[in-house]
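Novice: So the sequence shown is numbered by the working numbering: it starts at 79 and just counts up by one.
Do not take every clue at face value.
[As the list claims (entries may be wrong)] Straight-line C-alpha distance at most 25 Å; calculated SDA-like pairs for lysine to any residue:
| id | residue 1 | residue 2 |
| --- | --- | --- |
| 1 | K162 | P193 |
| 2 | K162 | G125 |
| 3 | K120 | T154 |
| 4 | K162 | A134 |
| 5 | K128 | S166 |
| 6 | K128 | V168 |
| 7 | K128 | L191 |
| 8 | K128 | I117 |
| 9 | K128 | S170 |
| 10 | K162 | L191 |
| 11 | K128 | E174 |
| 12 | K120 | T180 |
| 13 | K162 | V151 |
| 14 | K120 | A176 |
| 15 | K162 | L122 |
| 16 | K128 | R156 |
| 17 | K128 | Q115 |
| 18 | K120 | R171 |
| 19 | K162 | S137 |
| 20 | K162 | Q115 |
| 21 | K162 | D136 |
| 22 | K120 | A169 |
| 23 | K128 | P158 |
| 24 | K162 | T116 |
| 25 | K162 | E187 |
| 26 | K162 | T180 |
| 27 | K128 | S165 |
| 28 | K128 | D179 |
| 29 | K120 | Q173 |
| 30 | K162 | Q173 |
| 31 | K120 | R183 |
| 32 | K162 | E135 |
| 33 | K120 | E159 |
| 34 | K128 | R183 |
| 35 | K128 | V167 |
| 36 | K128 | V181 |
| 37 | K120 | A177 |
| 38 | K120 | V181 |
Note that these hints are calculated values from the structure, not bench results.
Bear in mind the structure is a predicted one, so any value in this text is a computation, not a measurement.
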Amino acid sequence: MVLGSHRLPTGSGQVPPVPLAPSRNAGYNSLVPPVSQTIRVKVLFFGRLKELAGHAEDSIECADATTIEQLFVLYTARHPELAKYRSSVVASRNQEFAAWDTVLRSGDEVAFLPPVSGG
79 MVLGSHRLPT
89 GSGQVPPVPL
99 APSRNAGYNS
109 LVPPVSQTIR
119 VKVLFFGRLK
129 ELAGHAEDSI
139 ECADATTIEQ
149 LFVLYTARHP
159 ELAKYRSSVV
169 ASRNQEFAAW
179 DTVLRSGDEV
189 AFLPPVSGG
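Sequences and hints are given; from them, build the entire structure.
Specialist: The structure is reproduced here in structure tokens:
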């Protein structure tokens, strides 16, 4: 008997040894998703929101699967005055009105539109 040997006796009915590590061709970690991915979106501010944000247009990198609501929260952290308008702001994604729980994709354009008054 040799110490440290991983060999099994061969003979009829014996199971051959199984490698301890997968082969290089097995795609080790191929099923593991990336730790984190980011997306880049274009953000537009209109009316009073543009004044509060300090610019009409921005480009931001955020986590993959960020919602419009989460994007707005990112901007309220930078510009707290924006939070006062949340209940009346309308959002759009790619020039179509969108719900606040809409998930963003890289390359999307998001616009935040304040309430408008008319007469």
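Novice: Hint by hint, say whether it matches the structure.
Specialist: Right, here's what the structure says about each hint:
The straight-line distance between the Cα atoms of K162 and P193 is roughly 12 Å, inside the 25 Å bound, and the hint therefore holds. Taking the CA atoms of K162 and G125, the gap is near 14 Å; set against the 25 Å cutoff, the hint holds. Restraint check for K120 and T154: the C-alpha separation of about 16 Å stays at or below 25 Å, so the hint holds. Using a Cα cut-off of 25 Å, the hinted pair K162 and A134 holds, with the two alpha carbons roughly 18 Å apart.
Straight-line distance between C-alpha atoms of K128 and S166 comes to about 15 Å, which keeps the hinted pair within the 25 Å bound. At roughly 14 Å between alpha-carbon atoms, K128 and V168 fall within 25 Å of each other, so this suggested pair holds. This hinted pair checks out: K128 and L191 have alpha carbons roughly 9 Å apart, not beyond 25 Å. Restraint check: the Cα-Cα separation between K128 and I117 comes to about 23 Å, which is no more than 25 Å; the hinted pair holds.
Restraint check for K128 and S170: satisfied, since their Cα atoms lie roughly 15 Å apart, inside the 25 Å limit. Distance hint between K162 and L191 is fulfilled; the C-alpha atoms sit about 13 Å from each other, no more than 25 Å. Distance hint between K128 and E174 is fulfilled; the C-alpha atoms sit about 19 Å from each other, no more than 25 Å. Using a Cα cut-off of 25 Å, the hinted pair K120 and T180 holds, with the two alpha carbons roughly 15 Å apart.
Taken as a hint, the K162 and V151 pair is honoured in the structure, with Cα atoms around 12 Å apart against an allowance of 25 Å. Our distance criterion of 25 Å between C-alpha atoms is met by K120 and A176, whose separation comes to about 15 Å. As the CA atoms of K162 and L122 are separated by approximately 18 Å, the hinted pair is consistent with the 25 Å bound. This hinted pair checks out: K128 and R156 have alpha carbons roughly 13 Å apart, not beyond 25 Å.
Under the criterion of a C-alpha separation no larger than 25 Å, the hint pairing K128 with Q115 is inconsistent with the structure, at around 29 Å. With a C-alpha separation of about 10 Å, the suggested pairing of K120 with R171 holds against the 25 Å cut-off. Taking the CA atoms of K162 and S137, the gap is about 23 Å. The hint holds against a cut of 25 Å. Restraint check for K162 and Q115: not satisfied, since their Cα atoms lie roughly 31 Å apart, outside the 25 Å limit.
At most 25 Å may separate the alpha-carbon atoms for a hinted pair to count; K162 and D136 meet this at roughly 20 Å. Restraint check for K120 and A169: satisfied, since their Cα atoms lie roughly 13 Å apart, inside the 25 Å limit. Of the pairs offered as hints, the one joining K128 and P158 holds, with about 13 Å between alpha carbons and a cut-off of 25 Å not exceeded. Proximity of K162 to T116 is assessed by CA-CA distance (about 28 Å); at most 25 Å being required, the pair is judged violated.
Between K162 and E187, the direct Cα distance comes to roughly 23 Å. Compliance with the 25 Å bound is thereby established for this hinted pair. Using a Cα cut-off of 25 Å, the hinted pair K162 and T180 holds, with the two alpha carbons roughly 21 Å apart. Using a Cα cut-off of 25 Å, the hinted pair K128 and S165 holds, with the two alpha carbons roughly 17 Å apart. With a C-alpha separation of about 22 Å, the suggested pair K128 and D179 falls inside the 25 Å cut-off, and the hint holds.
With a C-alpha separation of about 12 Å, the suggested pairing of K120 with Q173 holds against the 25 Å cut-off. Of the supplied pair hints, the one linking K162 and Q173 holds, its CA atoms being roughly 24 Å apart against a limit of 25 Å. Distance check on the hinted pair: K120 and R183 sit about 11 Å apart at the alpha-carbon level, within 25 Å; holds. Distance hint between K162 and E135 is fulfilled; the C-alpha atoms sit about 20 Å from each other, no more than 25 Å.
Restraint check for K120 and E159: the C-alpha separation of about 21 Å stays at or below 25 Å, so the hint holds. For the proposed pair K128 and R183, the alpha carbon gap of about 23 Å is at most 25 Å, so the pair holds. About 12 Å separates the Cα atoms of K128 and V167, which keeps this hinted pair within 25 Å; it holds. At most 25 Å may separate the alpha-carbon atoms for a hinted pair to count; K128 and V181 meet this at roughly 23 Å.
Between K120 and A177 the CA atoms are separated by roughly 17 Å; this keeps the pair inside 25 Å, and the hint holds. Between K120 and V181 the alpha-carbon distance is near 14 Å, which keeps this suggested pair within the 25 Å criterion.
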